[in-house]
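Asks: Following the hints, complete the assembly by docking chains W, C and E onto the known chain P.
Chains as they are written, first to last, in this note's numbering: chain P, 39 to 465; chain W, 39 to 465; chain C, 39 to 465; chain E, 39 to 465.
It is possible that some hints are incorrect.
When chains are identical, the list treats them as one kind, so a pair holds in a single copy or across two.
Straight line, CA to CA, 27 Å or less: simulated DSSO-like cross-link-like pairs of lysine-lysine [what the hints assert, rightly or not]:
no., residue 1, residue 2
1, LYS210, LYS352
2, LYS210, LYS312
3, LYS178, LYS397
4, LYS284, LYS188
5, LYS230, LYS280
6, LYS230, LYS352
7, LYS312, LYS284
8, LYS55, LYS397
9, LYS397, LYS230
10, LYS397, LYS52
11, LYS188, LYS397
12, LYS284, LYS352
13, LYS280, LYS312
14, LYS150, LYS202
15, LYS280, LYS202
I should point out that these hints are in silico values taken from the structure, not numbers from a laboratory.
In this text, all values refer to a predicted model and were calculated from it rather than measured experimentally.
4 protein chains.
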Amino acid sequence: MRITKEQILDHNQKQSKEHNESFSFLADQLTSQNIDVEVLVNQIASFEVSIPSWALGAGGTRFGRFPIGGEPGNLEEKIEDVGLIHALNRSSGAISLHIPWDTPGDAAAINKLAEDLNITFDAVNSNTFQDQPNQEYSYKFGSLSHTDAKVRKQAIDHNIEVIKYGEALGSKALTVWLADGSVFPGQQNFRKALERTYQSLEEICNALPDDWKVLIEYKPYEPNFYSMVIPDWGTSLLLANKLGVKAKTLVDLGHHLPNTNIEQIVSILLMEGKLGGFHFNDSKYGDDDLTTGSIKPYQLFLIFNELVEGTSGKDDLEQNISWMIDASHNVKDPLEDLLQSVEAIKKSYAQALLIDRQKLSEARQSNDPVGAQECLQEAFQTDIRPLLREARIRSGAAANPIGLFRDLNVRSELINERGSDTIATGL
Amino acid sequence: MRITKEQILDHNQKQSKEHNESFSFLADQLTSQNIDVEVLVNQIASFEVSIPSWALGAGGTRFGRFPIGGEPGNLEEKIEDVGLIHALNRSSGAISLHIPWDTPGDAAAINKLAEDLNITFDAVNSNTFQDQPNQEYSYKFGSLSHTDAKVRKQAIDHNIEVIKYGEALGSKALTVWLADGSVFPGQQNFRKALERTYQSLEEICNALPDDWKVLIEYKPYEPNFYSMVIPDWGTSLLLANKLGVKAKTLVDLGHHLPNTNIEQIVSILLMEGKLGGFHFNDSKYGDDDLTTGSIKPYQLFLIFNELVEGTSGKDDLEQNISWMIDASHNVKDPLEDLLQSVEAIKKSYAQALLIDRQKLSEARQSNDPVGAQECLQEAFQTDIRPLLREARIRSGAAANPIGLFRDLNVRSELINERGSDTIATGL
Amino acid sequence: MRITKEQILDHNQKQSKEHNESFSFLADQLTSQNIDVEVLVNQIASFEVSIPSWALGAGGTRFGRFPIGGEPGNLEEKIEDVGLIHALNRSSGAISLHIPWDTPGDAAAINKLAEDLNITFDAVNSNTFQDQPNQEYSYKFGSLSHTDAKVRKQAIDHNIEVIKYGEALGSKALTVWLADGSVFPGQQNFRKALERTYQSLEEICNALPDDWKVLIEYKPYEPNFYSMVIPDWGTSLLLANKLGVKAKTLVDLGHHLPNTNIEQIVSILLMEGKLGGFHFNDSKYGDDDLTTGSIKPYQLFLIFNELVEGTSGKDDLEQNISWMIDASHNVKDPLEDLLQSVEAIKKSYAQALLIDRQKLSEARQSNDPVGAQECLQEAFQTDIRPLLREARIRSGAAANPIGLFRDLNVRSELINERGSDTIATGL
Amino acid sequence: MRITKEQILDHNQKQSKEHNESFSFLADQLTSQNIDVEVLVNQIASFEVSIPSWALGAGGTRFGRFPIGGEPGNLEEKIEDVGLIHALNRSSGAISLHIPWDTPGDAAAINKLAEDLNITFDAVNSNTFQDQPNQEYSYKFGSLSHTDAKVRKQAIDHNIEVIKYGEALGSKALTVWLADGSVFPGQQNFRKALERTYQSLEEICNALPDDWKVLIEYKPYEPNFYSMVIPDWGTSLLLANKLGVKAKTLVDLGHHLPNTNIEQIVSILLMEGKLGGFHFNDSKYGDDDLTTGSIKPYQLFLIFNELVEGTSGKDDLEQNISWMIDASHNVKDPLEDLLQSVEAIKKSYAQALLIDRQKLSEARQSNDPVGAQECLQEAFQTDIRPLLREARIRSGAAANPIGLFRDLNVRSELINERGSDTIATGL
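This is chain P alone, in the form it adopts within the complex (with noise of 0.2 Å):
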């Protein structure tokens, strides 16, 4: 199924009185402020976060996994249902792919599906987390940390296969989530775990192209809970300033310890140069991966108060880090559950930029928390959404993607064209 330019404008049409009437109310008020509007709807269109292959079907937890229903069953199907949710948002145009669940057969034929759907591809992920049938060492008790130099050299190789699979489709990235931990307290050397695990991404560097980045995720816990190797930022940036250039720390919204300051983590890595991108989610316990913005938005819009002080400009900061969501469904209709996500992160991103830096920057210069709270609370209470409607009606985009969505009965088109029964590599 795809979804027509005609479908869209006539969608558009519909709501364009009343668009109109509240973007221009907002543009009015925000020029009122010295704000550049056209500018704003420009940095706002141009945003774009990629989708995860391995989230296009129903999610699960270990106690179960309830079907949707017209899931993708393989990699071209994927790629037409982020197809389907960049026609409606225009801010979707990269898929991020996972091997081996998503391991392209014939390149050339899923570049030309790909081009035809105006969808690239980014980071590619490894997995060592799971063994795969005919795999002839386990991953049961690590990858490239394992104690075994034959199954770190099975990791290694698989994830330089990767490479190769991401280089033959245009990627310039590879996420390296490792699992590897203990689960027990004794199990692990964790010097030695760490060292060897070091020296293994070094091979994997190695094979890397020059104009590729490598970006190592971290993880407090799960799926192993007692350590993990790369359990905290200042791991991953450990071993990504040993790495070298190439080498950068991808953070996830849902990998970290209660409470922890995400924001500043953020703006550190910034500072160092060492900010590769993001896997966004949202959470209230830990990795739950729900849809972003869903639960603590204010830390959402912080995290790019960070990001839009610490970057030096739009290009900047759409070229050099990855934006990436990481999510899992288990009881949302995932292309919704997409939509949704990449609304939130893209308000987030427009109300950052509607933030008065000259006015904040006074305001920490004088120590006046109150005048600071105020600037930041300006920015996160004005109501976002006719702009993020603009920019996407100019790109070509549905003024409400969810609404179009329904509407088509896309769901059930897919179910149509896909059956019931069809479950989607991933998790």
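Replies: Below, chains W, C and E alone, put in the same frame as chain P:
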């Protein structure tokens, strides 16, 4: 595979000299502190902890599962595995079943097998957190709390069916762990969901035989990541009080928010006459389901301190509370893991029995926290292992259960019997 | 110092054009959604939040305290400070006193002063967590739960005395925050301490006038770091149920373990008819006592969603629940901080009133979490500030309370009047 | 008051029979496991832990403080108190001072007193989290990170002054605990604050004598409740790496977010050559500053497991890491509390020394978590107290330090000498 008395005797024989020395030294020390060692050994020996049928195979996370080999492929084999554990420790003479994972086809035959192995049936568990093939309604959005009465009816009927299976096997309790809840703010009307849950539980209670109890588990999150219908002991107690004398609260050690004082909850439930039972395990982060005593052994000891203090003696403690393990074995051999857990539980119980209650009571009365701490530490630091070993030897169990398990190559034998590819139903 | 009507009018005059534009645009939008804007403004205007007498000076931590200057040196000055806040926002017409910090020497004179400033007296608070000079027994090891009956008697008598002070001022509630607990495992017999607490509270309840309620606060830790006698809502509810209709639970937003779903607690307490009141504040780590809405504004909105849903209308909500702030101002001007908090609370209330309850109810009934989230976000993202401003202007308050506070140099005036070295009693 | 050798000898004499029996039994057992008991006792005997000068009086919280009586009123009395502790346990022969709380007026006289009591001076601590009378600039909004260069200069100068005091007393390290941070989102520019902190620390480093080190503490929150400039080990390490060889990280056990794996941090810092020292204490919720080993004794053992594993032997461990307590005694007698803490620390060290490293290494290499756990538990469950007692007796300390402390009525004597109303400077 079965372990014979001769194998046990032979194993114990080899350790008898060393054991006798350490036991007699400890016995002398305790006697000089006016502790009746015979009574103590008897208390330790008679204390048993039930084994969960769903934890006899390799566990897993949403990221993967690594089979152990020789896993029990049906209920009979699960009972045989518990038989192996019980033969080794004589402290695990009961199994807690999960329906429909362990639906007993032929109850008489199952009873016969269990009897042969000195195994009885502890609480039966219902399962409304997964959909079974051919199930009419889905539990995706809840079961006992579902907005649709037809789904609730199906879940109630399932629980009643579970009671019937339990009756046929001699169980005396139903454990209800309700995964119901919501993943996103707004998704659920908290009060209506709780009211519906109460009404469903009331119908289940009505179907409960007179000498049964229903154990109501609580859990703050997972698999729902915004709210659970029964998130904490307060809600479980609220329900149990409304449901009447048959309803009690079940405490799973892993089902608490960070830093919760679990021992205090145990003590208040005892005070209210509503402590129904335990699911023992250990955790560092969330519901990690690790080997009991592997992460926070002192907390386990403090829980048993409350249990000994809050019950009126050995019989009250053993008979009125259900003692069960609930764990998941991702990297350990399940049988070894369970042997470790039972040992840790009994060790904590034994140490709690050692506490000088008169001295503790005086320290409390005179507000002497230093004295109270010394009193607890005196018991906790005592090397209690000779007492547990003595209790085992007298009961016909192995001096060193894990040692004998390995000497007899039990796992290899099970793999020989059952193959490497069997996968046990469970978590 | 007092703020005159003329100063307010003059301030409002300057903002009227800009305000009228934004208000009338928002009013049109809401009207087109079938929302009765007049009713809404009325609801917002009449909602008031009480100010804690102990939070009018600079707060501190155990590491230090940095005075603000011009702090109120006695009860009269505290009431005058609340008068300033109320003059600016017309939403803080009550003060909650702490005895013995604010013991009213001459109740008639205090009443007269309060009346002049349109201030009434909300719940009175007892203090048994500190020793006062000339106090016979120390509360070092507890008060209402103390092992020694003489200490308990002293604490009970103090609470009864607090009630009498409250009666003279027209209060209708006693707030009991019990700091009792233990710092080390073993120090306290949990059950006996809770039983003694219950008996002490029963005596206090017996002394309570017929039209009063007693609000029982709970807190998991601090100042005791192992256990608190009333650690959670479950224990507070247990006590409130045993104590009868006058006893209710008070929810302090900062008194929860990490990741607690507070809005669910609020909803269950409402369901049980036991929600007595709030201590509003915000926090990232523990009982941080920060400006309400400064850290987790969405959580505050979700709490008000439950409050609007769980009460039977404006009068029920306003009259049967005590609305109070409890905060500590370490770096902000206390008056500015309190103005920000009241604004944030009213904003959340107003946004909760905007929620389309019919639509939400349908989304819940049909298990549509995407729809439910959109429904909540629709209200939360609405820029509600013109409505609050309108409600203030109509009530005779300032369009921009903090702006006027700064324009009038209120703090400098207070320092001129009272000096830089006064230190307000409180936290 | 001083404790005489005769009092110690007399006390030990009374316990010698019972001690000798238990020691010789344990020694035999360990010898049969090929452990050299003489070496072990020597290692335990020579391991010392420094006492913080600020923890010799009753501690408190922001809610109150309950004096203990007989608190040291000046530096001399503080040193005398440490002398008492050291006389009782011969394991606390150093004091860590806090300036300006303990500014030594006459360094020569202080040195003489300390020498008489066999006390040396461990790391000196600066204090820029409180304002002192007559201080020119306030630290309300920070010190080394302050936006105003004049405030930073004052804080730098203070640190340099502290170094000079330390030099006069023979200290070799400066501990910098920086309370700087922000209370509200937006208040502080994270990166600029960290850059300013780095520059300030650089100036302090430049003033550091060649044989000194500077210990950089980290803490996630309190007294700032939104962000701390040095919130975690990653930031401390970042600074230490930039500052060079003299700069190291100090680990305070209470300065971590919930569920942090502290032992892993310790191991990574050791690996990087940047573990400078410890502030020992224990906690259940936050920076509770409780008696070391009173809440999570197994975690303490696991930390020492890393320390023994990660250092190259007794001298490396003792000399290159600073071993200090940092605690607050709200309800215990400070001297008893410190005796308990030192005992718990040495017990964990001793148990870590017992671990069969060959066996552990093999279990790790072969991925046998059951074996690794058994290996750790074998050491942890050994009742090590006779070894510690033996080490004390041989060193001239008391067999039972707290017992003798109570028998000699030390606290009463101190109250007689100093009165009930003295208040020790400190926390």
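Asks: Now look at each hint and say whether the structure bears it out.
Replies: Each hint tested on the structure:
In this assembly of identical chains, the alpha carbons of LYS210 and LYS352 lie at most 27 Å apart only when taken from the same copy (20 Å versus 50 Å across copies). Within a single copy, LYS210 and LYS312 get their C-alpha atoms as close as 16 Å, which meets the 27 Å cut-off; across copies the closest is 35 Å, which misses it. Taking identical chains as interchangeable, the C-alpha atoms of LYS178 and LYS397 lie at most 27 Å apart only when they sit on different chains, with a minimum of 21 Å there against 54 Å within one chain. Taking CA atoms no more than 27 Å apart as the test, LYS284 paired with LYS188 passes inside one copy only; the shortest distance there is 26 Å, against 40 Å between copies.
In this assembly of identical chains, the alpha carbons of LYS230 and LYS280 lie at most 27 Å apart whether taken from the same copy (16 Å) or from different copies (25 Å). When the C-alpha separation of LYS230 and LYS352 is checked against a cutoff of 27 Å, the pair qualifies only between copies, where the shortest distance is 21 Å, while the shortest distance within a copy is 42 Å. Proximity of LYS312 and LYS284 under a CA criterion of 27 Å is satisfied in both settings, with 9 Å inside one chain copy and 25 Å between copies. For the identical chains of this complex, LYS55 and LYS397 are inter-copy neighbours only, at 24 Å across copies versus 35 Å inside a copy, given an alpha-carbon limit of 27 Å.
Within a single copy, LYS397 and LYS230 get their C-alpha atoms only as close as 49 Å, which misses the 27 Å cut-off; across copies the closest is 16 Å, which meets it. For a Cα distance limit of 27 Å, the shortest separation of LYS397 from LYS52 across copies, 22 Å, qualifies, whereas the shortest one inside one copy, 40 Å, does not. Taking the closest pair of Cα atoms, LYS188 and LYS397 come within 27 Å of each other only across two copies (23 Å); inside a single copy the shortest separation is 58 Å, beyond that limit. In this homomeric assembly, LYS284 and LYS352 come within 27 Å of each other (Cα to Cα) only inside a single copy, at 22 Å, whereas the closest approach across copies is 41 Å.
Taking identical chains as interchangeable, the C-alpha atoms of LYS280 and LYS312 lie at most 27 Å apart whether they share a chain (12 Å) or sit on different chains (16 Å). With identical chains, the CA atoms of LYS150 and LYS202 are at most 27 Å apart within one copy only, with a shortest distance of 18 Å there and 60 Å across copies. Taking CA atoms no more than 27 Å apart as the test, LYS280 paired with LYS202 passes inside one copy only; the shortest distance there is 24 Å, against 37 Å between copies.
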